[in-house]
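Undergrad: Each chain, written out:
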Amino acid sequence: MPLNVLIVDDSSVMRAMIIKTIRMSGLDLGEVYQAGNGKEGLDAARENWVDLVVADINMPVMNGEEMIDRMKADPELSALPTIVISTEGSATRIQRLEKKGVTFIHKPFAPEIIRDAIQDLTGITGIGDSDESGAF
Amino acid sequence: MNQEHSDLLMEIAAQTLEQLAFIFSFPDDTNPDAIWEEAATGCHVEFSGPSQGELLLLISNAAMPELTSNMLGMDEDEVPPEDQQHDALREALNVICGNLLPRIGGTEAVYDIQPPEILDAGAARSLLDQIKTDQRDYASALLSLDDGGCQLYMRLDT
Chain A
135 MPLNVLIVDD SSVMRAMIIK TIRMSGLDLG EVYQAGNGKE GLDAARENWV
185 DLVVADINMP VMNGEEMIDR MKADPELSAL PTIVISTEGS ATRIQRLEKK
235 GVTFIHKPFA PEIIRDAIQD LTGITGIGDS DESGAF
Chain B
13 MNQEHSDLLM EIAAQTLEQL AFIFSFPDDT NPDAIWEEAA TGCHVEFSGP
63 SQGELLLLIS NAAMPELTSN MLGMDEDEVP PEDQQHDALR EALNVICGNL
113 LPRIGGTEAV YDIQPPEILD AGAARSLLDQ IKTDQRDYAS ALLSLDDGGC
163 QLYMRLDT
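Respectively, the protein sequence lines represent chains A and B.
Each residue of the first sequence is one higher than the one before, counting from 135 in our numbering.
Each residue of the second sequence is one higher than the one before, counting from 13 in our numbering.
Please keep in mind that the hints were generated in silico from the structure rather than gathered at the bench.
Positions of the beta carbon are idealized from the N, C-alpha and C atoms, including for glycine.
One or more of the hints may lead you astray.
Here are some chain A residues pointing at chain B (derived, C-beta under 8 Å) [claimed, not checked]: (1) Val147; (2) Ala150; (3) Asn192; (4) Lys206; (5) Pro209; (6) Ser212; (7) Gly223; (8) Thr226; (9) Pro242.
Label pairs and their in silico Cβ distance ranges [claimed, not checked]: (10) A:Glu210 to B:Asn14: 47 to 57 Å; (11) B:Asp159 to A:Gly160: 46 to 56 Å; (12) A:Gly160 to B:Thr145: 49 to 59 Å; (13) A:Asp177 to B:Glu58: 27 to 37 Å; (14) B:Ser138 to A:Gly160: 46 to 56 Å; (15) A:Glu181 to B:Asp146: 47 to 57 Å.
Using the sequences provided together with the hints, build the complete structure.
TA: Laid out in structure tokens, this is it:
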């Protein structure tokens, strides 16, 4: 079954890179929703059927951590699998995020790291190996 | 100039350009003002935490399309629009800053990084002069790219 994904990042280039990486991974993608900050992301998650959220942390208007806190407080969204892709280097902050149940990926990232994280979070198998190497 | 921080800046910037955009760079200490001899774009970010400061990146305009198209996996003959080039540069500086600060302050330190801003060459040069004047302990790195160069400066208040 195709997976509907919501990408939340204030950089349109980073959103495009993440989408490209997910497509490269061989995942059967359904709808891809995009948002430029946590508030827009929260709205998009509430208005659409989303199976997976991929979010940044440092964003204007509402940061990714606040968006995740609000998702966790919303019974409709609290169980939504979430991956954070960020430059965040503080172990303190990363551990705090992981305690909230999200998977953390550091930028720049290798495509297979995202593929593996999606596989672990969603349990979807049959995701092909990336035929491109390198990092983003 | 702080040599330790300058070496770190050089290492992180080169790694980021390679991993994020497949751009290979080489240290260049021959002419620190070389970047001003050609058209360049600036990008600036401020951070706060255990220490606060700012990071300024200057890159030759000639290198901007490759930076952007490589990040996006575009065809070689496609020229990304200017706003996309600026977005790519902001993201590159964001990644450099995010990877640099834990190396300076340790992984337990919590920093807040502001959204990077694009500066035209004149504004970037003014800011650079200010950093050099106000802060003798600044760090700098100059990288040679296939198309021009890339220069970084960091001010760190301890």
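Undergrad: Would you mind marking each hint as holding or not holding in the structure?
TA: Hints, verified against the model:
1. Val147: holds (5 Å)
2. Ala150: holds (5 Å)
3. Asn192: Given a least distance of 6 Å, the restraint on Asn192 of chain A holds.
4. Lys206: It is violated, given that the least Cβ distance between Lys206 of chain A and chain B is near 21 Å, above 8 Å.
5. Pro209: violated (30 Å)
6. Ser212: Given a least distance of 26 Å, the restraint on Ser212 of chain A is violated.
7. Gly223: Holds, about 3 Å.
8. Thr226: At about 6 Å, which falls below the 8 Å cut-off, the nearest Cβ of chain B leaves the hint on Thr226 of chain A intact, so it holds.
9. Pro242: Holds - the Cβ of Pro242 of chain A comes within 8 Å of chain B, reaching about 4 Å at its closest.
10. A:Glu210 to B:Asn14: 47 to 57 Å: holds (51 Å)
11. B:Asp159 to A:Gly160: 46 to 56 Å: violated (34 Å)
12. A:Gly160 to B:Thr145: 49 to 59 Å: Given a distance of about 54 Å, which is inside 49 to 59 Å, the answer is holds.
13. A:Asp177 to B:Glu58: 27 to 37 Å: Once the Cβ atoms are compared, 29 Å apart, the range 27 to 37 Å for Glu58 of chain B and Asp177 of chain A holds.
14. B:Ser138 to A:Gly160: 46 to 56 Å: Between Ser138 of chain B and Gly160 of chain A, where Cβ atoms are some 49 Å apart, the hint holds.
15. A:Glu181 to B:Asp146: 47 to 57 Å: holds (48 Å)
When each numbered hint is compared with the structure, violations occur for hints 4, 5, 6, 11.
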